[in-house]
Every structure is written in structure tokens, then in C-alpha cells.
Amino acid sequence: MNDWASYQLQDFIPFTADIYVRLLERMGETFWPLHLLTLALGAATLVLALSHRTRLACLLPAPLWAFVAIAFFIQRYAELNWAGGYVGYAFISQAVLLVLIALTEFGLNKAPRRSSPPVIIGTAITLFGLIILPLMAPLTGGSWYQAEVFGIHADPTAITTLGLALILLRGLALWAAAIIPALWVLISALTLQVLHATGAAASGAVASGAAVPGAVALFTVLAFALLGVVWKSFESQSAR
Amino acid sequence: MNHRITRRQSLKLIGATLAAMMLPSVPLLASTGGLRQKLPPIGMGTWRTFNVGSDPTLLDARTEVVKTFFEHGGGLIDSSPMYGSAPDVMGYTLQQLGTPESLFSAEKVWSPAGGSAREQVAELKDRWNVEHFDLVQVHNLTDWREHLAALQEMKAKGTIRHVGITTSHGRRHSEVEQIMTSEDIDFVQLTYNITNREAEDRLLPLAAERGIGVIANRPYDGGRLIKNLKRRGESLPEWAQAECGCSTWADFLLKFIVSHPAITCAIPATTQVEHMHENMRAGSDPMPSADARQRMAAYIESL
Chain B
1 MNDWASYQLQ DFIPFTADIY VRLLERMGET FWPLHLLTLA LGAATLVLAL SHRTRLACLL
61 PAPLWAFVAI AFFIQRYAEL NWAGGYVGYA FISQAVLLVL IALTEFGLNK APRRSSPPVI
121 IGTAITLFGL IILPLMAPLT GGSWYQAEVF GIHADPTAIT TLGLALILLR GLALWAAAII
181 PALWVLISAL TLQVLHATGA AASGAVASGA AVPGAVALFT VLAFALLGVV WKSFESQSAR
Chain G
1 MNHRITRRQS LKLIGATLAA MMLPSVPLLA STGGLRQKLP PIGMGTWRTF NVGSDPTLLD
61 ARTEVVKTFF EHGGGLIDSS PMYGSAPDVM GYTLQQLGTP ESLFSAEKVW SPAGGSAREQ
121 VAELKDRWNV EHFDLVQVHN LTDWREHLAA LQEMKAKGTI RHVGITTSHG RRHSEVEQIM
181 TSEDIDFVQL TYNITNREAE DRLLPLAAER GIGVIANRPY DGGRLIKNLK RRGESLPEWA
241 QAECGCSTWA DFLLKFIVSH PAITCAIPAT TQVEHMHENM RAGSDPMPSA DARQRMAAYI
301 ESL
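Residue numbers (full-length UniProt numbering), protein chains in the order written: chain B, 1 to 240; chain G, 1 to 303.
Simulated from the structure, these hints should not be mistaken for lab results.
Some clues are possibly wrong.
[Stated by the list, open to error] Dumping the calculated SDA-like pairs for lysine to any residue here, alpha-carbon to alpha-carbon at most 20 Å:
| # | chain 1 | residue 1 | chain 2 | residue 2 |
| --- | --- | --- | --- | --- |
| 1 | G | K227 | B | Q8 |
| 2 | G | K125 | B | E79 |
| 3 | G | K227 | B | Q10 |
| 4 | G | K230 | B | H196 |
Quick caveat, the model's predicted, so the values are computed rather than measured.
When you get a sec, could you build the whole thing from the sequences and use the hints?
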């Protein structure tokens, strides 16, 4: 038997669905009511982005990326998966990148057109990350503490930032700022898919039940974000 | 760590010992100091299920699972430095429950974890809060020559009691066979279940011939096997109760494994107390005969 052919995705996910759900819940329990502040920051960022105060809009999510890197990945997720620490460093890199783009204004679209299709896609993705994603856990039988919130949890932070990048950035800066959030959304979607496939336990069944719409939602967001990034790249090229 | 056991724990452990005496034990051919050991046929795995980090809620929940395991007279618990926080979680549960006589602690050395075999074993002992390991295995054959030599030295000095190697998913069976033939090992851990029976061809007969204990991992094929049977609403065949005392799918799948004469124990993993009860009941007599085992395999193939 070929060794590598025998490996499956689930061989790389070292925890069960209930453990992952508890990880999300612990973040909620530990940091409530910080959620209100981070959500307000997220909403303010979207308003600033659409009202052409793009430099500040690019800067605001940066500390939240650093917070998620430390509080979620390095302090908690890394306990379950050695790779979590490295993802944490990637999130810190994203925070630094956002600060650099804001400071240098490299690739910053100072006056995004609201009617532009990539900006519409970006706005929809941002709203999904800020409003819909937090509601998914409570709507699929989970507790409110399991609600994944921008600036507290990794998925909504990555998704919202993908949306904001589509509004705020263009060219190389857009691709650079989209890579880490997109990769995390991909990893997270695959994780949820595996957790659903292997979630046999009774309490895990509830958790893995929520994993199905979660994975579908993340894959859908990723597809639209990719469409938006490619569209914007063509738009920028044809505008030259 | 405080290893003192309270009166309540003592009573529970006496109960566990009595339960263990009522379970059929599979003779373990490896021996230490001339004493022939016995292991209950159902052990416990910790891959994925015991990697709960520092979550107090889940730490307590897993403690209940281990408590149930010991109440049924459970013996072998298998972990690895590859399993994230699972060794620490075992340490937590043993701190809460005490360390019963029936515990047969099985760990592994794994090159990517870093450090020599000696350093890894020392660190893992601290994480488990145990004074010694009953078994240390070379995980997935990584750098097995170096690790096995170091483990043999540790066994000779009495630091660990038994040595072994592991593989899973049917990987590298020819190399496993070579090691079983050429090296003096006490245990081999491999994947063996009703839908993965490749080990029956060469490895299980070789283990029986050389007196090597066999630990069967992935008894439910990573959970898929039992989950699919339950999800599809498949019912047990009518003859299952009469021929092998099976009243649940856990009985059917686990009894098939542990009734193979070369198998020492199977190590299902679970997060649920209820499933631990089910798993442990599967270790009770009656066990299927060779003919019944063939019938069981044919039945699963027919589904």
C-alpha cells in the first residue's frame, strides 16, 4: 500500500466536534461582553470603508487580528493542534500587513465605487461575517456563547476582512491581504467537514450537525471572495 | 502528584477489581519478572477524543469516561505525544481518580515530538503523573531502530515494562513483519477490524508464533463503521445474540476483533460514558467461535 495514499484529511484533525465547539464556546465565555465592542468596530470599519475613509478602515481590524492570533490560536487552539501556534503567527503577520498597507496606502482604493460588483460582493461578505455567521450557531441548536463573532473568533474575523479587502484594496495589495484570510477559511471549512464526517458521539452529533451548514457557508464565501478578487484584478487592469 | 487514594476511591477500586475478575482476560504472552500478566480484552484509545486542552468542562467529562472504564475493570489505555494534550488529560484524570492496579499505561515515542526516546518518556511520565509506563511503543515506526534500541535499554533497567511498535491503516506491514521477526518486542499495535483484515494473513499468525501481544487500533475504523451502521438503521442478525452474545453493534464489532486468538486487546476511543459502557460490555463472554467469526464478517460484507 502506498503510505501517502492511505492518509485522509481526518488524520490531520486531532480533535472531535464537541472539543472544537467547546473551544469556540470558551472564547465566548471568557471574553463576553468584548463581542459588543469588536462587532461595533467591525460595523464602523464597513461604514468607513464605504464612506471613503479607507486608511482608517484598513487600520481598525489590525489589532483584532493580533488579538485572535494570541487569544484564540496561540493560547487555546495550539493546545489541541501543534499547527495552531503557526496559524497564530500567520494572523499576527496579517495584522502587520494591514498596518503597513494603512500607513503606506499601497494598493489602497481611496474611493471605492459602491456599485462596482467586487465592492458589492465585498459588502455582502462583510455583512455575512458580521451578522449572519454569529447567528449560525444559535440557529442550529448551539448556545449563544458558541456564536462566532468578528474580532473574537477566527472565521468571522477572516471572512469580514476578506470582504473589507474587496472594498478597500486593489492589485497586489488585495491579493496579499486576501491570502491568509482565504487560507484560514479554507482550512476551517475542511475542518468542519471532517468533524461532521467523524462526529459519531451523541453530544458530538449536535456539534457536527452545525458543522454542515458551517462548512457549506465557508466554501460559498470563499468562492464568492475568489470571484470578487479576480473580478477586481481584471477591473484594475482594464482601467489602466 | 498526590497518589493517596480516599476511602471512597478504594471502595470503587475494589469494585473495579471484582469487575475485572469477572471479565474474561486475554493472556498476555509478554512477561515481566516471570509473572504472567493478563489484560482485559477491551482497552481504551485516546486519539482525537482526549485532546481537550485545558477546558475544565471537558476535562471533567473525560474523567467520567475513564472512571467508567476503570469501574468495568479496564486495563490498557493508549496515548501518544502526537495526540496533542491527551497525555496531560490522562494525567488529570488519574489525579482525580487515583491510579488503579488494573491500569496498563501505554505510551509512544514519536520523532516529530522532539528529543530522544528517554527525554520523551520522562516528559510523558510527568504529563501522565505515573511512576512508570507499562508499555512504550515506537509510533508509526518513526526512526524505529534508534528508538527501539533506547526503549530496550530502558526496559532492561526497569524504567519501562514492555516495548512495542505501532502502525495503522495497514501501512508498512512488510516492515512491521520484519521487525516482529528480527527484534525482541513485546507488543505490536496495528489496525484490525471487521472490514480491515489484512493483518490476518501474516502479522497475526506471526504474533501468535512469537508470543507478541497485539493491540488492535481503529476497531470502528475511526468511528465510521459503527456510525454508518447506526445511521443506516441496520439491525443485528438474529443469530448474533445466540451465537456470540451480541446485543449491540459495539458488541458485534468488538467481539469480532478480540475473539481472534492472536489479539490481546482492542482500543476503541470514545467521548461518551454510555459508549464506554457499551464497549466494555463487549469484552464479556460469550465470544464468537471461529465459524461465527466467519459468519460475522460475511454478514458485514453483505450489507
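Results of checking the hints against the structure:
1. K227(G) with Q8(B): holds (18 Å)
2. K125(G) with E79(B): holds (18 Å)
3. K227(G) with Q10(B): Roughly 15 Å separates the two Cα atoms, so the pair holds.
4. K230(G) with H196(B): holds (15 Å)
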